[in-house]
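Start from chain C and add chain L according to the hints.
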Amino acid sequence: MKPLQPVAHGTRVVLGVTFFILFTALWAGVTFGGIVSKTFLADPVQMLRSGWVLLTEMGFAKDIGMTVWRVLGGFALATLAALPLGVAMGAYKPVEAFFEPFVSFARYLPASAFIPLLILWAGIGEAQKLSVIFIGSFFQLVLMIAVVVGNTRRDLVEAAYTLGASDAGIVRRVLIPGAAPEIFEILRMVLGWAWTYVIVAELIGASSGIGHMITDSQALLATDQIIFGIIVIGVIGLVSDLGFKWANRRLFPWALLGR
Amino acid sequence: MSPFLTIRGVSRSFAPTSGGAPTLALQATDLTVAENDFITILGPSGCGKSTLLRIVAGLDHPSSGEVQLAGKRIEGPGADRGMVFQSYTLFPWLTVRDNVCFGLNERGLPRAEQLELAQGFIRKVGLTGFEHHFPKQLSGGMQQRTALARALANGPRMLLMDEPFGALDHQTRELMQELLLGIWEGDEATARKTVMFVTHDIDEAVFMGSRVVVMSARPGRIKLDREVPIPHPRHYSVKTTPAFTELKAELMEQVRTEVLAAQAAMV
Chain C
1 MKPLQPVAHG
11 TRVVLGVTFF
21 ILFTALWAGV
31 TFGGIVSKTF
41 LADPVQMLRS
51 GWVLLTEMGF
61 AKDIGMTVWR
71 VLGGFALATL
81 AALPLGVAMG
91 AYKPVEAFFE
101 PFVSFARYLP
111 ASAFIPLLIL
121 WAGIGEAQKL
131 SVIFIGSFFQ
141 LVLMIAVVVG
151 NTRRDLVEAA
161 YTLGASDAGI
171 VRRVLIPGAA
181 PEIFEILRMV
191 LGWAWTYVIV
201 AELIGASSGI
211 GHMITDSQAL
221 LATDQIIFGI
231 IVIGVIGLVS
241 DLGFKWANRR
251 LFPWALLGR
Chain L
1 MSPFLTIRGV
11 SRSFAPTSGG
21 APTLALQATD
31 LTVAENDFIT
41 ILGPSGCGKS
51 TLLRIVAGLD
61 HPSSGEVQLA
71 GKRIEGPGAD
81 RGMVFQSYTL
91 FPWLTVRDNV
101 CFGLNERGLP
111 RAEQLELAQG
121 FIRKVGLTGF
131 EHHFPKQLSG
141 GMQQRTALAR
151 ALANGPRMLL
161 MDEPFGALDH
171 QTRELMQELL
181 LGIWEGDEAT
191 ARKTVMFVTH
201 DIDEAVFMGS
211 RVVVMSARPG
221 RIKLDREVPI
231 PHPRHYSVKT
241 TPAFTELKAE
251 LMEQVRTEVL
261 AAQAAMV
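Chains C and L, in that order, give the protein sequences.
Counting from 1, one number per residue, gives the positions in the first sequence under the working numbering.
Counting from 1, one number per residue, gives the positions in the second sequence under the working numbering.
Only chain C is shown next, with the shape it has when bound in the complex:
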């Protein structure tokens, strides 16, 4: 192995899959081998079996749907609000000077700590779940988008000016298209964080969702169901990640050139 030497595509897939297999094998080993008690950790087969039961008999698909809806809903709202503000902050320095200190502060406020307050303000309905995700993603998105937009190459801006671009034209036709692939990458990352917030929101005061199922299973010591729930989240996260990457390649083929 040499540092930074690229690996062939086929080898990459084989290596990635191999780790999943080894991981599962280790898990199966310690559970079937009786090294870890079934009370603490269910074995993979048991996990899949109760997963099947959850899906077919206990309406877990609806829980998954609820959770996905909450994440996407809260995240979409945060994105809709963060995009214009982030772009404005990146483009116009007075706007940045006005908002940046507060946003920097607000981004360290832990979203999950707002849950008791949000329950007080918004009840235990959907508004509260969406708010948790909104708080958790909005400030991060704003700051990261502002940085990317603000880092636009100055010489491109100057070139656009000498081509007759107006100030608004600079924002619309240079700053935004230039930053778009990186903004997309930011959305992908922050969506991953949104997934952790939704589960926390559902652990407290929810009557549906993956997090709610996990709390219910905790009362029954059903580690098989808990693990199944966690794995479902992982799989959904992986799928959305791949989706984002695929869309990024399709939307911004130019950004991948020469990398």
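Keep in mind the hints are simulated off the structure, nothing from the lab.
Accuracy of the hints is not assured; some may be wrong.
[To be verified] Using C-beta positions, here's what the derived DEER-type ranges look like:
1. C:83 with L:137: 28 to 34 Å
2. L:139 with C:112: 51 to 57 Å
3. L:227 with C:83: 38 to 44 Å
4. C:13 with L:45: 49 to 55 Å
5. C:12 with L:139: 29 to 35 Å
6. C:108 with L:72: 50 to 56 Å
[As the list claims (entries may be wrong)] Which residues of chain L face chain C? A few of them, derived with a C-beta cut under 8 Å, are:
7. 4
8. 13
9. 57
10. 61
11. 77
12. 78
13. 79
14. 82
15. 92
16. 93
17. 103
18. 106
19. 107
20. 130
No residue lacks a Cβ here, since even glycine has one placed at the ideal position from N, Cα and C.
For chain L alone, coordinates are given in the frame of chain C:
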């Protein structure tokens, strides 16, 4: 007839980075450029020649003095002064064709007209067949050709060039000089673009310009202003004629003195 471009008493000093006196980059400079002329500005690096060009472009503001284009004071950048930079400034998210269309699009020209105009200039710079390539798929020379087409397609009254071929290898640079000169000479003498071309390459300055202005070491001022006694159109073989080598020798002496002065100032 009043000159096309008038630079009057333009100086530029930069605020000091930490206390102390401001740095003077460009001494009060007067320069006039006639319409349809091709003027090259020659000087050692850091002499303020790019600063002067950027002030004409409106990308920088003079600390004193003013620049007038056709009797109108320059306040900021505009489409009437097209610019080609030393760094590759094509928009990486746009294809060659859309880069060339950028200014036309900004002006709100109908798409069909944009494409027709762009196609003509892409042909002029020899990039037919590369319309749908992205900048990163092009060599440095091809990127600068596209940048030239982009500036020309916009129909500017003046072309400002800030060492546009400075990052290219020697052979490519010579080809680019011939390309630009060919395009410029291809127009009727009264329809030629007014060009202001900044360079530190003496050969380039003499070969391209009908007039060469030499600038002193920092803080820059105009030290010498010479007509190039070689008629246009020029073939690259003029580089070996006595008229060329004679002027080159004189300029080399002048620039050398300035480079030495610049180095002495750094010690």
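Tested hints:
no.: 1; hint: C:83 with L:137: 28 to 34 Å; verdict: holds (30 Å)
no.: 2; hint: L:139 with C:112: 51 to 57 Å; verdict: holds (53 Å)
no.: 3; hint: L:227 with C:83: 38 to 44 Å; verdict: violated (56 Å)
no.: 4; hint: C:13 with L:45: 49 to 55 Å; verdict: holds (51 Å)
no.: 5; hint: C:12 with L:139: 29 to 35 Å; verdict: holds (31 Å)
no.: 6; hint: C:108 with L:72: 50 to 56 Å; verdict: holds (52 Å)
no.: 7; hint: 4; verdict: violated (18 Å)
no.: 8; hint: 13; verdict: violated (21 Å)
no.: 9; hint: 57; verdict: holds (6 Å)
no.: 10; hint: 61; verdict: violated (13 Å)
no.: 11; hint: 77; verdict: holds (4 Å)
no.: 12; hint: 78; verdict: holds (6 Å)
no.: 13; hint: 79; verdict: holds (3 Å)
no.: 14; hint: 82; verdict: holds (6 Å)
no.: 15; hint: 92; verdict: holds (6 Å)
no.: 16; hint: 93; verdict: holds (5 Å)
no.: 17; hint: 103; verdict: holds (4 Å)
no.: 18; hint: 106; verdict: holds (5 Å)
no.: 19; hint: 107; verdict: holds (6 Å)
no.: 20; hint: 130; verdict: violated (14 Å)
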